[in-house]
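For the record, in the sequence shown the residue sitting at position 95 is 358 according to the working numbering, with numbers rising by one throughout.
If you are wondering where the hints come from, they were derived from the structure by calculation, not from laboratory data.
In this text, a Cβ means the ideal position worked out from N, Cα and C, and glycines have one as well.
A portion of the hints provided could be inaccurate.
[Stated by the list, open to error] Below, simulated DSBU-like cross-link-like pairs (lysine-lysine); rule was C-alpha separation at most 30 Å, straight line:
no.	residue 1	residue 2
1	Lys268	Lys363
2	Lys378	Lys363
3	Lys363	Lys390
4	Lys404	Lys302
5	Lys390	Lys359
6	Lys390	Lys378
7	Lys302	Lys352
8	Lys404	Lys390
9	Lys390	Lys268
10	Lys268	Lys302
11	Lys401	Lys390
[Said to hold, decoys possible] What follows is a set of in silico ranges between Cβ atoms, one per label pair, in the way DEER data are often shown:
no.	residue 1	residue 2	range
12	Asp313	Ile285	28 to 36 Å
13	Gln369	Asn418	22 to 30 Å
14	Glu405	Thr314	37 to 45 Å
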Amino acid sequence: MDCIKGFNQNGVKPNSMEYLRIICHMGIYEYTRMPFGIKNAPAHFQRMMDTIFQEEMFEGWMLVYIDDIIIYSETWEDHVQYIDRVLSKCIPINLKISLKRCNFDQQEPLALGHKVSGLILAIDQNKVAAVLQTPVPKNIKEMQSFLGFASYYRNQIQVFAHITSSL
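Given these sequences and hints, build the entire structure.
Structure representation (structure tokens):
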């Protein structure tokens, strides 16, 4: 499950709004919702999600990473019950979930660029295809960008540092 525009669902406290001002030709604007790009936004949102779903995570059938929610279960009946519990917590606090980005009843779900199969993490083949289809970098900035993308999988690539050192 995926929260819609995660950070934007978090309100900004009135005493913090002055630090999130934007000045433009039309005047001064203050954010009332947490914008993307604020240094502490991911940690703040993660803490909020951990607080909301602490009971479910403690019971051991749910994981939360920022705005992504993973529910796992032994049976379809349990799965439906868990989804209902999560949604029943989201509705009263107006936490919106993107149905388009939800995947239900997945035996091998994709999570954070990996395919999860039991206790095994495998690289998402769509990410492999994206690396293979990336055009050859033409300058240092493009090379740095490519290495940043590819290094996400450095733990799965033997001698990654050696391979990339000449680049």
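Do the hints match the structure? See the list:
no. : hint                           : result
1   : Lys268 with Lys363             : holds (13 Å)
2   : Lys378 with Lys363             : holds (19 Å)
3   : Lys363 with Lys390             : holds (20 Å)
4   : Lys404 with Lys302             : holds (23 Å)
5   : Lys390 with Lys359             : holds (27 Å)
6   : Lys390 with Lys378             : holds (11 Å)
7   : Lys302 with Lys352             : holds (27 Å)
8   : Lys404 with Lys390             : holds (21 Å)
9   : Lys390 with Lys268             : holds (23 Å)
10  : Lys268 with Lys302             : holds (16 Å)
11  : Lys401 with Lys390             : holds (21 Å)
12  : Asp313 with Ile285: 28 to 36 Å : holds (30 Å)
13  : Gln369 with Asn418: 22 to 30 Å : holds (23 Å)
14  : Glu405 with Thr314: 37 to 45 Å : holds (41 Å)
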